[in-house]
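Chains Y and F, in that order, give the protein sequences.
The numbering of the first sequence is my numbering, which starts it at 1 and goes up by one.
The numbering of the second sequence is my numbering, which starts it at 1 and goes up by one.
Treat the hints with care, since some could be wrong.
Said to hold, decoys possible - Here are the simulated DSS-like pairs of lysine-lysine, each with C-alpha atoms no more than 27 Å apart in a straight line:
id, chain 1, residue 1, chain 2, residue 2
1, Y, Lys250, Y, Lys5
2, F, Lys87, Y, Lys4
3, Y, Lys172, F, Lys24
4, Y, Lys4, F, Lys2
5, Y, Lys103, Y, Lys10
6, F, Lys279, F, Lys305
7, F, Lys2, Y, Lys25
FYI, nobody ran anything at the bench for these hints, they're computed from the structure.
Read off the chains here:
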Amino acid sequence: MLKKKIRKLKANRFLFEELVKRDFKQKYKRTVLGMGWSILSPLLILLVMRLIFTRFFGRDMPFYTTYLFAGNLMFNFFKESTSGGMTALRGNSAIFTKINVPKYLFLLSKNVSSVFNFLLSMVVFFVFAAIDGVTFKPSCLMIFYPICTLTVFNIGFGMILSAMHVFFQDTKYLYDIFVRLLLYMSAIFYDVSAYPEQVQRLFLLNPVYVNIKYVRVIVINGTVPSLMYHGLLLLYALIALGIGALIYKKQNHRFLYYV
Amino acid sequence: MKVIDAKGVSIRYITGDFKDIGLKEYVVRKLKGNYHVVNFWADRDITFSLDQGDMLGIIGGNGAGKSTLLKAIAGIMVPTKGKIKVKGTIAALLELASGFDGDLTVKENTYLRGAFLGYTRAFMDEMYGKIIAFAELEDFQNRPFKQLSSGMKSRLAFSIACLVDPDIMILDEVLSVGDGAFRKKSGDKMKEILSHGVTGILVSHSISQVREMCNKILWLDHGRQIAFGDNVQELCDAYEEFLQTKRLPENAEEITALAEEHALRVEREKAKKQEAEVKKLKALLESDDEEVALKAALRIVRQKKPELLKEKK
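Generate the whole structure from the sequences, applying the supplied hints.
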């Protein structure tokens with residue numbers, strides 16, 4: 001029994017590795033710049049934002065470039081990871097309707113390349129922050145915390161989305177709209193302190209914003225946020241993962257009716 | 001030892017509007033009360049069991065519920081009612097050529113497929129050479145998969161699936177892959193695997209193939225189990241008679257009767273054929289052309305009783 005379990009685990013690891021390889025190749029084969037492009041394109045957006053918004057929002061904000069970048073960095077990670085994860089099930093429907101495989105592996109493997117991209121962008125982020133004149137405090141080390149919570153959140157959210165995408169084909173378009181709205185609600189380029197206290201609290205309902213805020217505090221302010229922030233991030237991650245896992249478990253054998 | 005034990009298996013399938021509509025359309029239709037889902041039983045109350053080394057042939061027309069049943073055995077679907085107990089690893093060869101990635105190379109696809117089938121890297125390293133050799137794709141290993149012809153694709157799929165060693169093998173119309181030479185090779189391979197005590201399930205529209213390879217038959221019709229048993233020839237006879245007359249047997253006696261009718265029909269047809277030939281020959285003999293008649297007679301003798309010719313020498 002135990003031996004069988006171990007063999008199963010080994011086989012799953014092999015499958016996971018092969019899936020990751022495939023997803024990497026699929027993602028980067030068509031672009032000449034390959035991986036470089038996925039860092040370059042957010043940088044271009046950052047550049048435009050920096051040029052345009054500095055006059056309006058960045059006038060009396062120190063380290064506005066870093067502020068913008070932190071927002072873009074976390075938001076892009078969320079966006080890429082979830083919209084990539086969304087197609088995990090439908091894109092592999094030819095396989096899971098023929099062979100009995102654990103379906104969550106499709107989603108996890110998609111997330112690996114997003115995490116990889118994100119980590120590369122993060123290196124660039126710290127370089128930019130240094131050029132911007134930010135002095136790094138030890139608090140910067142806490143960056144691992146939002147990385148972990150956002151990764152888990154993305155996986156959970158991706159599970160929900162990929163299931164939705166199986167059930168409703170137009171999820172993709174609706175999600176594009178949702179992401180654009182969320183972008184404006186995540187205080188990427190403006191500061192929430194312009195709003196009254198109660199409205200500011202509403203922003204905490206947005207998990208992506210809380211992650212962005214956390215990164216800004218540890219990098220720009222050089223302090224570690226309160227325990228409430230930690231709790232909130234963890235809570236959001238676990239809720240998303242919980243719901244996602246529940247849907248996968250409940251619907252596991254129903255997906256094939258829809259594809 | 002029972003390798004597969006299915007008891008009262010019923011599988012409900014859903015189909016209807018939901019497949020291609022999006023969320024917006026769904027909400028609108030729900031509000032209008034115009035949203036329809038059709039439930040139907042793809043399989044109803046099916047009971048059978050297989051011992052190790054058995055080869056089950058599942059027969060029945062389109063929509064009989066064969067593929068759905070196979071999916072349930074492979075664990076892709078779960079029965080709505082009843083239970084299927086399966087002991088051992090399953091290699092299900094369902095629609096072989098789908099699920100490959102066109103942009104990956106042949107080698108990468110081979111490993112990926114191996115991983116899907118639940119094998120370890122070490123095992124695939126060991127088997128890879130054999131798989132490529134069997135598929136006769138040595139020169140194509142690093143080509144993108146999409147550049148292969150469809151015959152090559154199915155050859156690769158078949159080789160991967162059958163060079164691994166499962167406990168249970170499900171074959172859904174797969175023995176008709178590739179060109180003639182490869183078909184023979186794959187058929188031989190299949191027989192070799194099955195002779196090693198692998199339990200198999202074969203779905204095929206070729207009754208002669210079923211007769212040749214199977215020792216148990218499950219007959220399905222529109223999701224209903226018509227018969228299950230090891231009287232392969234009788235069931236196949238009855239099934240062939242059913243294909244002719246469209247009369248579905250209700251019980252064992254009717255099956256026997258049907259099989260007997262089939263035997264009679266075969267006899268009759270044989271007699272008819274012979275009669276026709278005799279007639280033809282007579283007509284030739286009656287015509288004046290002796291040479292043509294002799295030639296025709298000789299041809300018949302050569303076909304039917306070549307030993308007569310040899311004796312004369």
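Right, here's what the structure says about each hint:
no. : hint                : result
1   : Lys250/Y / Lys5/Y   : 23 Å, holds
2   : Lys87/F / Lys4/Y    : 12 Å, holds
3   : Lys172/Y / Lys24/F  : 12 Å, holds
4   : Lys4/Y / Lys2/F     : 19 Å, holds
5   : Lys103/Y / Lys10/Y  : 16 Å, holds
6   : Lys279/F / Lys305/F : 18 Å, holds
7   : Lys2/F / Lys25/Y    : 44 Å, violated
The structure fails hint 7 only (numbered hints given earlier).
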